[in-house]
Amino acid sequence: MSAAADNGWRLRLRALEVRYPAEQRWLRRPRRWARAVDGVSLEIPAGETLALVGESGCGKTTLGRAVLGLVAASAGEIWFRPPEAVRRQAPGLDALLAGRGRDGALDLAALPAAAWKPVRRALGMVFQDPSSSLNPRMRVWRVVAEPLLIHRAGSAAALRARADALLERVGIAPVLGERFPNEFSGGQRQRIGIARALALDPALVVCDEPVSALDVSVKAQILELLLDLQRERGLSYLFISHDLAVVRQIAQRTAVMYAGRLAEVGPTDALFAAPRHPYTRALLAAVPAVDGARAGRLLLRGEPPSPSAPPSGCRFHPRCPEAFARCAAEEPGWYRAGEGAAACFLAEPLS
Amino acid sequence: MSEGPLLQVAGLTLTVPSPRGPVAVVDRVGFVIGRGETLGLLGESGCGKTLTALSLLRLLPPAVHLAAGSVRFDGVDLAALPERQLRRYRGKRVAMVFQDPAAALNPVLRVGAQVEEVLEVHRRLSGAQRRREVARLFGDVGLAEPERSARRYPHELSGGQRQRVLIAMALAGEPELVVADEPTASLDVTVQAQILELFRELRQRRGLSLLWIGHDLGVAASLCDRVTILYAGRVAETGALARVFRQPLHPYTQGLLAAMPLLERRAPPKGIPGRVPPPAELPEGCRFRDRCPAAFADCASEPALIPAPLGSPGQAAACWLHATRPGAAT
Ligand SMILES: Nc1ncnc2c1ncn2[C@@H]1O[C@H](COP(=O)(O)OP(=O)(O)OP(=O)(O)O)[C@@H](O)[C@H]1O
Ligand SMILES: Nc1ncnc2c1ncn2[C@@H]1O[C@H](COP(=O)(O)OP(=O)(O)OP(=O)(O)O)[C@@H](O)[C@H]1O
Ligand code: SF4
Ligand SMILES: [Mg+2]
Ligand SMILES: [Mg+2]
Numbered sequence: 000m001s002a003a004a005d006n007g008w009r010l011r012l013r014a015l016e017v018r019y020p021a022e023q024r025w026l027r028r029p030r031r032w033a034r035a036v037d038g039v040s041l042e043i044p045a046g047e048t049l050a051l052v053g054e055s056g057c058g059k060t061t062l063g064r065a066v067l068g069l070v071a072a073s074a075g076e077i078w079f080r081p082p083e084a085v086r087r088q089a090p091g092l093d094a095l096l097a098g099r100g101r102d103g104a105l106d107l108a109a110l111p112a113a114a115w116k117p118v119r120r121a122l123g124m125v126f127q128d129p130s131s132s133l134n135p136r137m138r139v140w141r142v143v144a145e146p147l148l149i150h151r152a153g154s155a156a157a158l159r160a161r162a163d164a165l166l167e168r169v170g171i172a173p174v175l176g177e178r179f180p181n182e183f184s185g186g187q188r189q190r191i192g193i194a195r196a197l198a199l200d201p202a203l204v205v206c207d208e209p210v211s212a213l214d215v216s217v218k219a220q221i222l223e224l225l226l227d228l229q230r231e232r233g234l235s236y237l238f239i240s241h242d243l244a245v246v247r248q249i250a251q252r253t254a255v256m257y258a259g260r261l262a263e264v265g266p267t268d269a270l271f272a273a274p275r276h277p278y279t280r281a282l283l284a285a286v287p288a289v290d291g292a293r294a295g296r297l298l299l300r301g302e303p304p305s306p307s308a309p310p311s312g313c314r315f316h317p318r319c320p321e322a323f324a325r326c327a328a329e330e331p332g333w334y335r336a337g338e339g340a341a342a343c344f345l346a347e348p349l350s
Numbered sequence: 000m001s002e003g004p005l006l007q008v009a010g011l012t013l014t015v016p017s018p019r020g021p022v023a024v025v026d027r028v029g030f031v032i033g034r035g036e037t038l039g040l041l042g043e044s045g046c047g048k049t050l051t052a053l054s055l056l057r058l059l060p061p062a063v064h065l066a067a068g069s070v071r072f073d074g075v076d077l078a079a080l081p082e083r084q085l086r087r088y089r090g091k092r093v094a095m096v097f098q099d100p101a102a103a104l105n106p107v108l109r110v111g112a113q114v115e116e117v118l119e120v121h122r123r124l125s126g127a128q129r130r131r132e133v134a135r136l137f138g139d140v141g142l143a144e145p146e147r148s149a150r151r152y153p154h155e156l157s158g159g160q161r162q163r164v165l166i167a168m169a170l171a172g173e174p175e176l177v178v179a180d181e182p183t184a185s186l187d188v189t190v191q192a193q194i195l196e197l198f199r200e201l202r203q204r205r206g207l208s209l210l211w212i213g214h215d216l217g218v219a220a221s222l223c224d225r226v227t228i229l230y231a232g233r234v235a236e237t238g239a240l241a242r243v244f245r246q247p248l249h250p251y252t253q254g255l256l257a258a259m260p261l262l263e264r265r266a267p268p269k270g271i272p273g274r275v276p277p278p279a280e281l282p283e284g285c286r287f288r289d290r291c292p293a294a295f296a297d298c299a300s301e302p303a304l305i306p307a308p309l310g311s312p313g314q315a316a317a318c319w320l321h322a323t324r325p326g327a328a329t
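Protein chains in written order, with numbering that gives the first Met the number 0: chain R, 0 to 350; chain D, 0 to 329.
Honestly, the hints are just simulated from the structure, not real lab data. Accuracy of the hints is not assured; some may be wrong.
Quick list of the computed label-pair ranges, beta carbon to beta carbon [unchecked claim]:
1. D/D289 with R/P90: 41 to 47 Å
2. R/R136 with D/A66: 23 to 29 Å
3. R/G337 with D/V107: 46 to 52 Å
4. R/A74 with D/P60: 43 to 49 Å
5. D/E301 with R/D268: 44 to 50 Å
6. R/P90 with D/L108: 42 to 48 Å
7. R/D268 with D/G3: 51 to 57 Å
8. D/L58 with R/E177: 23 to 29 Å
9. D/R199 with R/N181: 49 to 55 Å
10. D/E200 with R/M137: 42 to 48 Å
11. D/P60 with R/A109: 25 to 31 Å
Looking from chain D toward chain R, a few residues come up when the C-beta cut is under 8 Å (computed) [what the hints assert, rightly or not]:
12. G42
13. Q160
14. I305
Rough simulated footprint, nothing fancy, chain R against chain D, three-plus residues with beta-carbon under 8 Å [to be verified]:
15. 66 to 78
16. 84 to 94
17. 107 to 114
18. 122 to 129
19. 208 to 222
Using N, Cα and C, we set each Cβ at its ideal position, and we do this for glycine too.
Start from the sequences, fold in the hints, and give me the full structure.
Spelled out as structure tokens, the structure:
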């Protein structure tokens, strides 16, 4: 195997588009579509975390689900490059790569459903809504061990031991493994979902609001666990979160999404220190602080745009405090913004 | 309307069955919410916040038993009220924002129709009035295109949109008290700021009282008048927000505040070491003893919730470090 394959990107999205019917008509083709994800390109290097942040409804979950093949991409490419360690464990993956791969990677957007199984074990997902993603009739240790069972990875005793170890790592006493999911609190269920997503030692995990239901102390433990696994095994994360303090701590790079598009991308520290896109600035200004010094100032007014009828020009222009005539007429391209890039005319270099 | 606080919870004890008999997951919990006041109920995952909230309107899951306690709302003990009379309170005078929006919404009904149902039952509005009111409520919680959103099914909404539908539904009956269980957990900061502003406005305009359950101390700080901190089903500390956050008395509260992730701070803060023991394995005496950096011999017996001698009026902690006066008891 070439060294480049393990050191380069793990995931690369190219002009990804996912659409939903905007008006559902019974048994007929929808007349209009809403593009929940509208031409997103991004890259996650092996062993790194990319945070995806943005307003509620901007398309984060849809993007994450598309990567896992849980919702179909209507256009664009989703390239996933599994690391050597996963290729050794997942039977069939090498054959798949030999047939359809390019440069050791697969375009998941073009992968037929029947070919997904060997890829699936390399991908994990922590669902935003833990309760509805856990089978209510299954004991919790089984919920956690189920992915291992599906991929036949070990004896019954080994499965139980693995489930117990995972539960312990997410801070749930293994004795509670005999209980059912609805006997747990919201935050406990969220942690069960995390344990399950990590069961198969995936190479890439899409974490959709993985710590949203956790208090500060448990949250710190879970973040430490995710960071440990990244250091130990070179895991990559697509980390969807609205908690910017958490993003700051876990993500090397951050992508800011607005109405189905990326508004700004860059190294997290630089982006937080000097946000360039007015939307990123509004987002950072709204973070509530415990000392009340900055008690969640509301800088962003007005309606979020409708995905079925996005505004002309820059999608942010109707709400942007700095918008000028050009913003409504023309869509901004990508401009260098510090160490990253922003899709805003204000970031355009002066000519 | 009687005088005194709007809600007075005392001695609330909730048990779940276990192989060794019933164990208390919420143990002699008490708190008070004044009219127009916001109380934050805070604490680690699994400490009993949701069950406490659900018990107020007796919406507990079947396995959980209300073993003792009273829930006096406007002078009436809801814990002792017959089910039929209790229904007059639910959604009308006391409304609940559930922690789990997906489970609280009916998957086969359009979300607008679900809110309309509340308006029909509790406010007896006509069809056209209801639709206008739904659009207004959806606008208030920041849902884009309120009319179109109302026609969606729950699964066609994003996580944060579903959560806001639930908030709109709770506000639909114009309740006096809203019990909000992690109502902004899946909202980004800008939408969250809008929701917080909405609650502040309702408090000012209508004297809405709020029981705010959340794990985000920054949000609590910007909204609550007082806070009650739970640990493993017991009240660890209670008091005015400013006092508790600036001068926490209980080592657990101190640990929680120290674990706050801050935007300005790059390194992940350390959590409180260890985890909350399962209910059946709680230590004797102070429940925090095994994890407490300050534990000493006295902690082997259970500390009562003792008013802090140096704290502000109303601040109290269940910790032997602050039990300087002999004979103080619950
Ligand atoms: N139906 C149930 N049967 C048995 N035990 C339960 C049930 N529901 C909750 N529990 C237990 O009761 C305790 C309190 O749960 P609760 O849901 O009130 O916690 P919480 O404080 O809301 O936590 P979180 O912040 O994670 O939502 C937990 O230890 C949980 O495992
Ligand atoms: N099944 C569906 N059918 C139609 N529209 C949908 C469907 N699922 C999501 N949408 C819409 O697509 C947009 C993006 O939704 P998505 O769940 O990706 O948002 P999100 O960024 O994850 O938001 P949140 O932070 O609230 O979870 C939203 O406007 C939502 O209403
Ligand atoms: S391009 Fe114009 S409208 Fe868009 S963010 Fe920049 S200034 Fe605002
Ligand atoms: Mg989402
Ligand atoms: Mg809860």
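Within 46 to 52 Å: is that where the Cβ-Cβ distance between R/G337 and D/V107 falls? About 49 Å separates the Cβ atoms of R/G337 and D/V107, which means 46 to 52 Å holds.
Can you tell me whether the CB distance of D/E200 to R/M137 sits inside 42 to 48 Å? Holds, at about 44 Å.
R/P90 versus D/L108 beta-carbon gap, inside 42 to 48 Å or not: holds (45 Å)
Would you check whether D/G42 satisfies its interface hint, that is, whether its CB is within less than 8 Å of any CB in chain R? holds (7 Å)
Verify the CB-CB distance for D/P60 and R/A109 against the hinted window 25 to 31 Å. violated (45 Å)
51 to 57 Å was suggested as the range; check whether the CB atoms of R/D268 and D/G3 agree with it. Between R/D268 and D/G3, where Cβ atoms are some 52 Å apart, the hint holds.
Against the range 43 to 49 Å, how does the distance between the Cβ atoms of R/A74 and D/P60 compare: consistent or not? holds (44 Å)
Taking the beta carbons of D/E301 and R/D268, is their distance inside 44 to 50 Å? holds (47 Å)
With a Cβ-Cβ cutoff of 8 Å, does the region 122 to 129 of chain D contain at least three residues near chain R? This one is violated; 0 residues, fewer than the three required, reach chain R with a Cβ under 8 Å.
Could you see if the CB distance from D/L58 to R/E177 stays within 23 to 29 Å? Holds: the Cβ-Cβ distance is about 26 Å, inside 23 to 29 Å.
Can the suggested window of 23 to 29 Å be confirmed for the beta-carbon pair R/R136 and D/A66? holds (28 Å)
With a Cβ-Cβ cutoff of 8 Å, does the region 84 to 94 of chain D contain at least three residues near chain R? As far as the region 84 to 94 of chain D goes, the hint is violated, because 0 residues have Cβ atoms under 8 Å from chain R.
Going down the numbered hints, you'll see the structure goes against 9, 11, 14, 15, 16, 17, 18, while the others check out.
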